[in-house]
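Visitor: Protein chains in written order, with this note's numbering: chain A, 1 to 338; chain B, 1 to 338; chain C, 1 to 338.
Mixed in with the good hints there might be a few duds.
Because identical chains share one entry, a pair is satisfied inside a single copy or across any pair of copies.
For lysine to any residue, the following SDA-like pairs were computed, each having C-alpha atoms within a straight-line distance of at most 20 Å [as the list claims (entries may be wrong)]:
{"id": "1", "residue 1": "K321", "residue 2": "L307"}
{"id": "2", "residue 1": "K194", "residue 2": "F90"}
{"id": "3", "residue 1": "K85", "residue 2": "A186"}
{"id": "4", "residue 1": "K335", "residue 2": "R319"}
{"id": "5", "residue 1": "K85", "residue 2": "R242"}
{"id": "6", "residue 1": "K85", "residue 2": "K321"}
{"id": "7", "residue 1": "K321", "residue 2": "A332"}
{"id": "8", "residue 1": "K335", "residue 2": "G149"}
{"id": "9", "residue 1": "K335", "residue 2": "L51"}
No wet-lab data here; the hints were simulated from the structure.
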Amino acid sequence: MNSFTVAELAERFALRVQGDADVRIDGVATLANGGTHKLAFLANPRYRSMLATTPAAAVVLREADAASSPVTALIADDPYAAFVKIASLFETRSTPAPGIHPSACIDPTAAVDPSASIGPFVSIGARSTIAAGAVIGPGCVIGEDCHVGEGCELVARVTLVVRVRLGQRVLVHPGAVLGADGFGLAMEHGRWMKVPQLGGVDVGDDCEIGANTTIDRGAIDDTVLEEDVRLDNQIQVGHNVRIGAHTAMAGCSAVAGSATIGRYCLVGGGAGILGHLEVCDRVMITAMSLVTHSIREPGEYSSGTPLMDNRSWRRNAARYKQLDSIARQVQARNKEKG
Amino acid sequence: MNSFTVAELAERFALRVQGDADVRIDGVATLANGGTHKLAFLANPRYRSMLATTPAAAVVLREADAASSPVTALIADDPYAAFVKIASLFETRSTPAPGIHPSACIDPTAAVDPSASIGPFVSIGARSTIAAGAVIGPGCVIGEDCHVGEGCELVARVTLVVRVRLGQRVLVHPGAVLGADGFGLAMEHGRWMKVPQLGGVDVGDDCEIGANTTIDRGAIDDTVLEEDVRLDNQIQVGHNVRIGAHTAMAGCSAVAGSATIGRYCLVGGGAGILGHLEVCDRVMITAMSLVTHSIREPGEYSSGTPLMDNRSWRRNAARYKQLDSIARQVQARNKEKG
Amino acid sequence: MNSFTVAELAERFALRVQGDADVRIDGVATLANGGTHKLAFLANPRYRSMLATTPAAAVVLREADAASSPVTALIADDPYAAFVKIASLFETRSTPAPGIHPSACIDPTAAVDPSASIGPFVSIGARSTIAAGAVIGPGCVIGEDCHVGEGCELVARVTLVVRVRLGQRVLVHPGAVLGADGFGLAMEHGRWMKVPQLGGVDVGDDCEIGANTTIDRGAIDDTVLEEDVRLDNQIQVGHNVRIGAHTAMAGCSAVAGSATIGRYCLVGGGAGILGHLEVCDRVMITAMSLVTHSIREPGEYSSGTPLMDNRSWRRNAARYKQLDSIARQVQARNKEKG
């Protein structure tokens with residue numbers, strides 16, 4: 001188990017110590033739960049009342065809160081960021097050894113860097129390449145003409161169907177499917193005709209793709225994620241979507257085909273964006289909202305109605321059907337009156 | 001094929017027979033479809049009219065409906081519960097033999113009980129333990145430091161990423177991913193920094209986890225499902241969520257990080273619960289509602305609007321944007337009027 | 001790389017050529033991006049302005065647009081359908097060779113046609129049958145008593161749990177799970193009792209099932225998809241649902257148990273249909289709408305509210321809770337007045 005003195009942590013991350021710098025830290029904890037040799041943090045003022053009684057051995061906090069700390073304090077301008085970096089020291093993921101597991105099934109035309117690690121029950125298709133230091137976990141399926149960049153990790157059971165190119169240090173969680181057929185159909189003589197999906201998927205450096213998230217490949221051009229895009233679990237990205245750098249999308253959100261999302265956007269859980277729309281940079285969409293038109297101005301956008309007890313909701317929701325009629329009556333009265 | 005006389009069923013489940021107790025039953029059916037030697041049930045009064053013409057050989061029903069039955073009746077206080085128990089007699093799942101399939105890839109530090117069954121293409125990581133009678137189906141991936149309790153079943157292609165502990169008799173359906181990284185990010189200098197996810201997932205006895213459902217592990221403490229929690233397919237449970245015993249969630253619902261849900265709650269399909277909220281015991285959330293604040297009182301809660309034909313909907317929805325203005329006008333008129 | 005002259009394409013698909021019929025085409029492109037030897041199309045009038053400057057070598061378009069084409073034109077009544085057929089010529093999916101990969105694990109009572117292709121790490125359970133020309137990709141799990149029809153393709157990591165029958169030419173994308181337990185529960189003495197799921201799943205010819213989509217098997221009778229049903233990614237279909245022929249559902253939509261959907265319906269992304277409802281033929285549900293009652297008339301249906309900037313939304317949404325009260329006040333005024 002890793003352990004550090006508070007003094008060592010302070011030096012490593014340029015923080016100031018108040019109290020006993022020799023306190024030894026071997027892990028992190030919440031303010032409420034704490035624990036011997038555990039480090040907690042206080043960033044959200046909501047939790048300030050927990051500081052006085054924290055069982056933690058030390059706390060990362062702002063200068064302004066230092067006086068209230070009953071234990072050793074590590075003082076930071078951004079206590080959460082400092083805590084995150086310290087917490088990373090206690091991560092204990094074992095790095096799999098380089099090399100190809102004997103059970104893996106690799107096409108003779110595929111190229112795997114000797115420093116990459118290929119786990120059990122992995123299959124890799126024709127002409128695909130796995131770069132240096134990449135980790136392909138158990139049960140992953142990589143189809144034809146894919147590229148996995150340097151330092152990528154496909155945790156387990158990830159599928160790259162065809163023509164999927166991952167930049168460097170892309171992290172893909174289990175069950176994610178990249179490069180499946182986009183949903184392209186044309187009706188002819190009363191039956192669906194399938195539209196061939198000839199494009200691929202391009203994922204930039206430092207992207208993260210959540211568990212069971214799906215990103216379809218493009219119909220003609222590619223589906224694109226720029227660098228540092230962060231997708232949570234169970235997200236659906238349609239064909240030919242483009243998501244700008246540093247945009248983060250929460251679980252169960254979805255973007256329909258050919259929509260373009262800007263940089264530094266935040267999409268709330270379960271939110272939807274219709275196809276062929278454009279959303280500019282720095283837009284925030286709240287949870288379960290539906291974006292039905294392009295957004296040209298940065299800012300926060302919402303749709304939906306508030307939560308109510310079901311009886312009140314039934315009464316009010318029934319009136320929603322009369323809303324236009326109510327509005328007309330109010331206007332008519334105003335006119336009479338006016 | 002299993003078969004029983006009505007008399008045998010009556011004795012086994014303490015039911016009363018009306019009519020021919022020697023009728024032989026070899027399976028179950030709906031009232032409408034019935035079939036020779038098939039048993040149907042009548043619980044919902046909506047279907048009472050189907051009783052007279054049912055082609056079933058016998059029917060489980062309430063005392064009050066017995067007189068109307070044209071066929072042998074099994075009389076129960078709770079006909080649905082009785083039917084469920086009888087139906088279970090006709091389930092024909094083959095139990096896989098104990099032992100480890102030769103293709104499985106098991107870390108030398110993992111421990112598998114000799115009575116457990118490990119299917120083909122399963123991988124089990126360091127320090128993980130599989131208890132007595134557990135069944136790990138084809139293609140499952142179990143990472144490091146996991147525990148699968150007695151009598152659990154992971155049907156196929158389930159992933160337990162790391163630090164996932166399942167109680168006894170937990171049933172996990174294909175494609176489910178437990179213990180993936182929670183979605184923790186901090187922005188620093190215009191780039192996302194990943195928050196390490198040091199916790200695990202704790203799943204209580206008798207829980208059921210649906211196909212392609214995802215449950216992330218905690219950031220610091222664990223994500224927790226208490227006993228007898230029932231999750232349908234494609235549900236997303238964020239990091240550090242706690243779900244109380246006997247709560248059931250329908251397909252595509254989602255709970256964001258650090259929310260706490262009480263016991264005996266029912267969450268409708270596609271409903272969402274925002275992060276850090278608390279929902280007390282015995283709350284029912286209707287389908288596709290969004291819980292935006294904590295709920296302190298048991299009862300039924302909803303959000304959303306009624307379904308309309310698109311033309312009416314367009315007219316009314318447009319007025320939603322004027323709702324505050326309409327309300328102000330109505331208030332102003334009321335004031336004038338006094 | 002396949003290539004054709006415009007003359008060859010015109011003859012093959014009965015189109016008329018305007019301009020140089022000897023132009024050689026080796027792929028397709030968008031009007032905007034074009035490319036030497038690339039064929040683009042113009043169907044949506046919105047993109048007409050791009051025609052003049054297209055870098056494509058030739059364009060498929062309507063008679064009415066032919067005069068404006070700066071390059072060789074292929075004239076079609078339905079340019080999109082013609083383009084789709086031409087594009088299919090440039091699809092380069094390699095067809096896996098017939099035969100069973102040595103790593104596959106096949107029950108001795110299963111039957112695999114010699115012309116089928118079974119990929120690596122596939123397992124096939126007792127009494128299941130794989131028909132002629134079917135392709136079972138890497139990592140698929142096929143349980144007991146399943147049937148995969150002629151010419152089906154299970155791309156990779158598909159699970160057919162038990163009693164799943166696929167017609168001919170069904171295409172199933174990675175991560176899809178068919179035939180998992182329906183979500184059937186009965187509460188008894190304060191604990192959930194599992195309702196056995198004794199039915200199966202029947203999928204008609206020419207259906208397509210998207211990545212990570214889930215279709216549960218029936219409780220008593222089967223869950224049914226009629227022919228030519230097209231499901232996008234991450235769709236949830238509950239037990240005993242019936243979906244009519246030629247219906248298409250977009251990503252993340254869901255149908256709860258025992259609902260019946262007609263033929264030629266279109267269900268928008270993220271839309272939900274409650275259990276036990278009936279939706280007639282030729283119904284279109286817009287994105288993220290919730291169907292709360294049966295629909296008896298063809299047409300377009302919606303629920304939800306428009307997108308607004310968050311400040312306006314907060315103001316208007318708060319009034320939604322007063323909607324019934326507002327309506328009553330307006331009615332009262334009208335009565336006074338009337």
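Visitor: All the hints need checking, so say for each whether the structure fits it.
Guide: Results of checking the hints against the structure:
1. K321 x L307: both (18 Å within a copy, 9 Å between copies)
2. K194 x F90: between (50 Å within a copy, 14 Å between copies)
3. K85 x A186: Intra 51 Å, inter 10 Å, cutoff 20 Å: inter-copy only.
4. K335 x R319: Cα proximity of K335 and R319: across copies only (18 Å, versus 23 Å in one copy).
5. K85 x R242: Classified as neither: same-chain Cα gap 31 Å, cross-chain 26 Å, threshold 20 Å.
6. K85 x K321: For K85 and K321, neither the intra-copy (52 Å) nor the inter-copy (44 Å) Cα distance is at most 20 Å.
7. K321 x A332: For K321 and A332, the Cα distance is within 20 Å both inside one copy (19 Å) and across copies (19 Å).
8. K335 x G149: Answer is neither: 67 Å inside a copy and 68 Å across each miss the 20 Å cutoff.
9. K335 x L51: neither (60 Å within a copy, 50 Å between copies)
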